[in-house]
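Q: Chains as they are written, first to last, in numbering that gives the first Met the number 0: chain A, 0 to 231; chain B, 0 to 638.
Because the hints were derived from the structure by calculation, they are not lab data.
Any given hint might turn out to be false.
DEER-style ranges, computed between Cβ atoms [claimed, not checked]: (1) B/593 to A/167: 48 to 56 Å; (2) B/506 to A/117: 41 to 49 Å; (3) A/54 to B/162: 24 to 32 Å; (4) A/139 to B/383: 40 to 48 Å; (5) B/513 to A/116: 32 to 40 Å; (6) B/33 to A/117: 53 to 61 Å; (7) A/117 to B/511: 26 to 34 Å; (8) B/33 to A/54: 38 to 46 Å; (9) A/54 to B/37: 41 to 49 Å; (10) B/34 to A/139: 50 to 58 Å; (11) A/54 to B/611: 37 to 45 Å; (12) A/191 to B/34: 51 to 59 Å; (13) A/117 to B/423: 44 to 52 Å.
Straight-line distance between alpha carbons at most 30 Å, and here's what the computed DSSO-like set of lysine-lysine pairs gives [claimed, not checked]: (14) B/159 to B/217; (15) A/164 to A/59; (16) B/399 to B/1; (17) B/419 to A/170; (18) A/164 to A/134; (19) B/546 to A/163; (20) B/378 to A/16; (21) B/546 to A/170; (22) B/71 to B/159; (23) B/426 to B/546; (24) B/419 to A/169; (25) A/59 to A/82; (26) A/170 to B/1; (27) B/242 to B/494; (28) B/564 to B/594; (29) A/134 to A/163; (30) A/134 to B/594; (31) A/170 to A/134; (32) B/546 to A/59; (33) B/546 to A/16; (34) B/506 to B/399; (35) B/159 to A/80; (36) A/16 to B/506; (37) B/494 to B/506; (38) A/165 to B/494; (39) A/59 to B/426; (40) B/419 to A/59.
All C-beta atoms, glycine included, are put in the ideal place defined by N, C-alpha and C.
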Amino acid sequence: MSGHVHPLSSAISRINKIFYDLGFEFAEGPLIESEHYNFDALNVPREHPARDMQDTFWVKGIEEAVLRTHTSPVQVRYMEKHKPPIRIIAPGRVFRNEATDATHEAAFFQFEGLYVDTQVSLAQLKGVLEYFFTKFYERDITVRFRPGYFPFVEPGVEVDMLFKKKDGTKKWIEVMGAGMVHPNVLRAGGLDPDEYTGFAFGVGLERLIMLAAGVDDVRLFHQGDLRFVNQF
Amino acid sequence: MKVSRKWLQTYFDEELPTAAELAQLITFHAFEVEGLEKVGDDDIIDVDVLPNRSSDCLSHRGIARELSVILKQPMKRDPLRVTLNAWQEPKHLHVVVDDDHLCGRYISAEVRGVTVGPSPDWLKEALEAIGQRSINNIVDATNYVMQDLGQPLHAFDLAKLATDKATGDRTIRVRAAHENEAITTLTGETYMLTPEHLLIVDDVTDEPLALAGIKGGKQAEVTSNTVDLVLESAYFEPVSVRKTSRALKLATDASLRFQNDPSPELAIFAMHALLQLIADIAGGSLMGVRDVYRGGAEREPVRVTREQVNALLGTSLTHENIEDILMRFEWEFSRAGETYTITAPWERTDLTVKEAMIEEIGRIYGYANIASVLPSVPKTPPTINQRYYYIERIRLFLAKRGYSEVYTYILRDRGQVELKNPLAADKAFMRMDLRDGLAQALTLNASSAPLLGLDNIMLFEVGPVFTVQGEHLALALGARAVRGKQKRLDDSLMKDLTELEERLGCKLEGTLADGVVEVVLDPMFVILPEVVSYGEPLPWDPDTRYKPWSPYPYVLRDIAVWVPKDTPAEEVLAVIIHEAPETLIRHDQFDEFEKDGRISYAWHLVFQAPDRTLTDADVTLVMQQVETALQKNEDWVVR
Numbered sequence: 000m001s002g003h004v005h006p007l008s009s010a011i012s013r014i015n016k017i018f019y020d021l022g023f024e025f026a027e028g029p030l031i032e033s034e035h036y037n038f039d040a041l042n043v044p045r046e047h048p049a050r051d052m053q054d055t056f057w058v059k060g061i062e063e064a065v066l067r068t069h070t071s072p073v074q075v076r077y078m079e080k081h082k083p084p085i086r087i088i089a090p091g092r093v094f095r096n097e098a099t100d101a102t103h104e105a106a107f108f109q110f111e112g113l114y115v116d117t118q119v120s121l122a123q124l125k126g127v128l129e130y131f132f133t134k135f136y137e138r139d140i141t142v143r144f145r146p147g148y149f150p151f152v153e154p155g156v157e158v159d160m161l162f163k164k165k166d167g168t169k170k171w172i173e174v175m176g177a178g179m180v181h182p183n184v185l186r187a188g189g190l191d192p193d194e195y196t197g198f199a200f201g202v203g204l205e206r207l208i209m210l211a212a213g214v215d216d217v218r219l220f221h222q223g224d225l226r227f228v229n230q231f
Numbered sequence: 000m001k002v003s004r005k006w007l008q009t010y011f012d013e014e015l016p017t018a019a020e021l022a023q024l025i026t027f028h029a030f031e032v033e034g035l036e037k038v039g040d041d042d043i044i045d046v047d048v049l050p051n052r053s054s055d056c057l058s059h060r061g062i063a064r065e066l067s068v069i070l071k072q073p074m075k076r077d078p079l080r081v082t083l084n085a086w087q088e089p090k091h092l093h094v095v096v097d098d099d100h101l102c103g104r105y106i107s108a109e110v111r112g113v114t115v116g117p118s119p120d121w122l123k124e125a126l127e128a129i130g131q132r133s134i135n136n137i138v139d140a141t142n143y144v145m146q147d148l149g150q151p152l153h154a155f156d157l158a159k160l161a162t163d164k165a166t167g168d169r170t171i172r173v174r175a176a177h178e179n180e181a182i183t184t185l186t187g188e189t190y191m192l193t194p195e196h197l198l199i200v201d202d203v204t205d206e207p208l209a210l211a212g213i214k215g216g217k218q219a220e221v222t223s224n225t226v227d228l229v230l231e232s233a234y235f236e237p238v239s240v241r242k243t244s245r246a247l248k249l250a251t252d253a254s255l256r257f258q259n260d261p262s263p264e265l266a267i268f269a270m271h272a273l274l275q276l277i278a279d280i281a282g283g284s285l286m287g288v289r290d291v292y293r294g295g296a297e298r299e300p301v302r303v304t305r306e307q308v309n310a311l312l313g314t315s316l317t318h319e320n321i322e323d324i325l326m327r328f329e330w331e332f333s334r335a336g337e338t339y340t341i342t343a344p345w346e347r348t349d350l351t352v353k354e355a356m357i358e359e360i361g362r363i364y365g366y367a368n369i370a371s372v373l374p375s376v377p378k379t380p381p382t383i384n385q386r387y388y389y390i391e392r393i394r395l396f397l398a399k400r401g402y403s404e405v406y407t408y409i410l411r412d413r414g415q416v417e418l419k420n421p422l423a424a425d426k427a428f429m430r431m432d433l434r435d436g437l438a439q440a441l442t443l444n445a446s447s448a449p450l451l452g453l454d455n456i457m458l459f460e461v462g463p464v465f466t467v468q469g470e471h472l473a474l475a476l477g478a479r480a481v482r483g484k485q486k487r488l489d490d491s492l493m494k495d496l497t498e499l500e501e502r503l504g505c506k507l508e509g510t511l512a513d514g515v516v517e518v519v520l521d522p523m524f525v526i527l528p529e530v531v532s533y534g535e536p537l538p539w540d541p542d543t544r545y546k547p548w549s550p551y552p553y554v555l556r557d558i559a560v561w562v563p564k565d566t567p568a569e570e571v572l573a574v575i576i577h578e579a580p581e582t583l584i585r586h587d588q589f590d591e592f593e594k595d596g597r598i599s600y601a602w603h604l605v606f607q608a609p610d611r612t613l614t615d616a617d618v619t620l621v622m623q624q625v626e627t628a629l630q631k632n633e634d635w636v637v638r
């Protein structure tokens, strides 16, 4: 009798396959992250109100160490070691110090996408996201952008996708934040913003699966319960 | 920020679109809208103004400016572009600022002979519509101008400031608090301060009057008896305001605005508006305005070319398109050939790089007009992530061996890496192994084994663990028998681990305890051969629909039936299911044998209700019905 692979593992595998075909490498970074990579290098200055946007866990005994609040630190770590063109995805755990409920979990999965080259555009971001969602959900999906703010991108956008349910009804659903990499972030990664531009996005993985499979509680992913896992 | 449509209308001659239409326009060109609400004959739009625009858009004027650009309708008035009065300085009111870094500007006005009383209806209604409480005409005026222009303001009762014995003058001072100095705020709470905190004080008595940029004090409160006023419009250093507000856990409309660094220029325009409003609704006469200002930063023009705009957005905007948008913003700009030189207005402190200008152009042009373009795929395939490749192979191998994968909690009640600010005591550490979580998962799942139709619970997890040495990647396998006497399956665990070793071609040093074998995988990745392509991705069905399970307990029953040997099991099962359509949630056939021309089938049956606890009696009744139905067939015998 065959066992079941966890839906998060399956989703990561599938995401990796889709982005591999577009030339994206699977990159990783540490979960215990320095304040530098988690905030400073991402254009979130100290004592800036933007720091309040993500509730942070701090680690005892290590100077300026946090549990990374997003997968974005991988952007700068990767830029420091590689010359453009850079195309990466970075799936992994992230942490938020907020009370848990059906839509919030203190530790959850995100994946980051980053593309840096001599001429990268918001139009390409749209193209890549539509390609990804269409492959991931195996149905035609269009996305739209709304103005958004994340300190590490400029312009910053909120991304909605037009999700077609099995019964044929369609609905716009907010899925992620994205934008064009802020020049300060490129600089922090050792790249010249006059030479290179890039796009980046970050998306919650559980949510992508919840939308497809109709899961109503994010905590189910982390409880080790086969009543959940074995449905996939 | 709650924004009133009626209030916004005061900025335009033409009738604004409906609140729903405004919300749409704001959503797609400026900010997220959190909600719409009808209050009396007004509509309130809750606009989520984020930190990058909190310096200018936590105000009706800021939102009106956005709408003016989006709707291509000029504003009929703009309080930030008025010609300021040439005020005299008050003769008997002075201002001393100790540190012009912490307080870059302090404007103080003296107004005598006002009539404090209830606000006029329009003012009350305007404030109440956006959820503010009306207090009196003076306090309401300061609040109104803040909600209108984004500048926090304060009014003191002049009579409550002491006079210098020699001169008879009053002096406001902005200074750091003394160690252990206390202030009691307008609402009666007392805060103990340190020199980190900035105060507005009465220089004659050295008594605190207000927590700078955060909240006024009780000392010089404006009441119904107040006749003379000292008005404050200032600029305080954002980091200092933020630190104090956090340290005292005191967040106010004022601190929210100051910590987002509005322009110090705003202070004087807000004072202008406040003086006018107070004169209108409370009378009195202005004795003078004192402005202690260290000077604002030079506004640097930003240069951007049309090519840069189009390259970043992926558009093909013409000069006409771009100039149209810049004119709608009413920004100072010039163009030489392809290059625009744009000077943002002083209140837009956020516009310092060309990418920010491109964003402004892009959002007004409309992101909906941006095409979808797939970048070309490079000829050389990307590097393979060796670690991930092997993790995926391990997952696939173990799933094929019958193990199901779980993700257990990474924040736990013990470990070697501790958090400074945990959510709860049992989530204060990063896990140091997978064993703990996996052993708990074995127990959890053993109790629901019949629901899953499993005789053995076999689990694995791959994931990070944390020790004093750092982050490691670990693999753990666990197994537990649910039926039979022997619960431990240690031998089969070790056998499966050995087979995994053989498959990978590398030794895995596992430690076995609590029915779980755990391996740190890091050394393995160094040894294993490099691969040049990923295998097939892990199985995934995008059409899988999750079904919630009942939180109520289940009841088990077995049933065995003799039937003539040509009777298929499905036929028997159909009768059983028919009798218990709602509560029979699972059946697993566990036996089948022939004897004397008859065949015996046996099933484990699992009963559970979605909405209640099934009692033993409930299930016994169902089983009786099942048996009766089965025995209606001649030659069928329930054993």
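Q: For each hint, tell me whether it holds in the structure or not.
A: Hints, one by one, checked against the model:
1. B/593 to A/167: 48 to 56 Å: Taking Cβ atoms as reference, residue 593 of chain B and residue 167 of chain A lie about 50 Å apart, which means the hint holds.
2. B/506 to A/117: 41 to 49 Å: 47 Å, holds
3. A/54 to B/162: 24 to 32 Å: Since residue 54 of chain A and residue 162 of chain B have Cβ atoms about 49 Å apart, the given range 24 to 32 Å is violated.
4. A/139 to B/383: 40 to 48 Å: Because 30 Å falls outside the window, the suggested range is violated.
5. B/513 to A/116: 32 to 40 Å: 51 Å, violated
6. B/33 to A/117: 53 to 61 Å: 39 Å, violated
7. A/117 to B/511: 26 to 34 Å: For residue 117 of chain A and residue 511 of chain B the Cβ distance comes to about 54 Å; the hint is violated.
8. B/33 to A/54: 38 to 46 Å: Since the Cβ atoms of residue 33 of chain B and residue 54 of chain A sit about 19 Å apart, the hinted range of 38 to 46 Å is violated.
9. A/54 to B/37: 41 to 49 Å: Given a distance of about 33 Å, which is not inside 41 to 49 Å, the answer is violated.
10. B/34 to A/139: 50 to 58 Å: 31 Å, violated
11. A/54 to B/611: 37 to 45 Å: 39 Å, holds
12. A/191 to B/34: 51 to 59 Å: 43 Å, violated
13. A/117 to B/423: 44 to 52 Å: At 49 Å between Cβs, range holds.
14. B/159 to B/217: Judged against 30 Å, a Cα distance of about 10 Å means the pair holds.
15. A/164 to A/59: 46 Å, violated
16. B/399 to B/1: 56 Å, violated
17. B/419 to A/170: 42 Å, violated
18. A/164 to A/134: Measuring from Cα to Cα gives roughly 15 Å; hence the hint holds.
19. B/546 to A/163: Given pair residue 546 of chain B, residue 163 of chain A holds - Cα atoms ~20 Å apart, limit 30 Å.
20. B/378 to A/16: Holds. Residue 378 of chain B to residue 16 of chain A sits at ~16 Å (cutoff 30 Å).
21. B/546 to A/170: 22 Å, holds
22. B/71 to B/159: 49 Å, violated
23. B/426 to B/546: With Cα atoms ~29 Å apart, residue 426 of chain B and residue 546 of chain B stay inside 30 Å; holds.
24. B/419 to A/169: Violated, at roughly 45 Å.
25. A/59 to A/82: 35 Å, violated
26. A/170 to B/1: Distance ~27 Å between residue 170 of chain A and residue 1 of chain B Cα, so the pair holds.
27. B/242 to B/494: 59 Å, violated
28. B/564 to B/594: Distance of about 9 Å is within 30 Å: holds.
29. A/134 to A/163: Given that 30 Å is the threshold and the Cα spacing comes to 14 Å, the pair holds.
30. A/134 to B/594: 55 Å, violated
31. A/170 to A/134: 18 Å, holds
32. B/546 to A/59: Violated: residue 546 of chain B and residue 59 of chain A sit about 41 Å apart, past 30 Å.
33. B/546 to A/16: Roughly 28 Å separates the two Cα atoms, so the pair holds.
34. B/506 to B/399: 20 Å, holds
35. B/159 to A/80: 64 Å, violated
36. A/16 to B/506: Holds. Residue 16 of chain A to residue 506 of chain B sits at ~29 Å (cutoff 30 Å).
37. B/494 to B/506: 13 Å, holds
38. A/165 to B/494: 44 Å, violated
39. A/59 to B/426: Between residue 59 of chain A and residue 426 of chain B the Cα gap is close to 14 Å, so the pair holds against 30 Å.
40. B/419 to A/59: Given pair residue 419 of chain B, residue 59 of chain A holds - Cα atoms ~5 Å apart, limit 30 Å.
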